[in-house]
Each structure stands twice: as C-alpha cells, then as structure tokens.
Amino acid sequence: MTANDSPPDSDVGARTLAAANLDRMHQVLDVAMKSGQSSLSAARANGVRASKLAVETTTKTIAYSQATAAASTEHLTRLMQVRDFKEAADLQAEFVRSRLAAFQDYLRDISKTAETALLDPTSE
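Everything in the sequence shown is counted per our numbering, starting at 143 for the first residue and increasing by one.
Keep in mind that a hint or two might mislead.
SDA-like cross-link-like pairs, simulated, lysine to any residue; straight-line CA separation at most 20 Å [to be verified]:
id : residue 1 : residue 2
1  : K194      : I204
2  : K254      : A196
3  : K202      : A244
4  : K202      : T158
Bear in mind the hints are in silico, worked out from the structure with no lab data behind them.
Computed from a predicted structure; not experimentally measured.
Could you put the whole structure together from the sequences, leaning on the hints where they help?
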C-alpha cells in the first residue's frame, strides 16, 4: 500500500468511532430485546392476565424492532465502506425509503391485529 492509498487519520478515526458505536448499539438492542421478551415471559408464566391484543402487539413490536436493528446494522456496515458523498447520499435515501416502507407495513399489521381483536367477541 502506498502513502497515497492509505486513508487519512481522520477517516481511520471516524471508522473506529463508527465501529465502536455499532458495538454499543448491539449491546443496547440486546438488552432491550431481552427485557421485552422477559416481560412477556413473566406475564405468561406468572398468570398475569394479559389481553390477546397486548401480547400480539408486543410480539409484533419486538419482531419489528429486531428487523429494524438488523437493517440498521447492515446499513451502518455499508455506510462505513462508502468512498464518496453521492454514494453515501444514495445509500441514505435507499435506507430511509426501506425503513419508511417497513414502518408502514408494521402499522398496517398492528392495525389489522387491533381491528381483529376489537371486533372478535371472544377476545378479552
């Protein structure tokens, strides 16, 4: 590798910082997921009466959060490899579009779940 091929110190520092932030994000998301799953398990195991809607929406929210975390991790990994501004802008635009579409799908799914639970006379 020649001197002209090596990244500037600020670029190396930014990549190191991004990698450290990515590791921290993984740790926070792991704790959040474990907490949510523990709460659901405790409610079921201890006989706490949780409505079907609450359990279903919590389960769907956990799944949505996991998918979002995975997409964000992939996006950050790809973003750390970007070499120019146009590529970064295109990547950001693609990411925002995909996350908005995923959020719309999540909201539709939650709405259908709520509608079904509210209109079902057997649900409590």
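Next item on the list: Just pull the numbers of the violated hints for me, sorted ascending.
Entry: The structure conflicts with hint 4 only, although it agrees with all the remaining ones.
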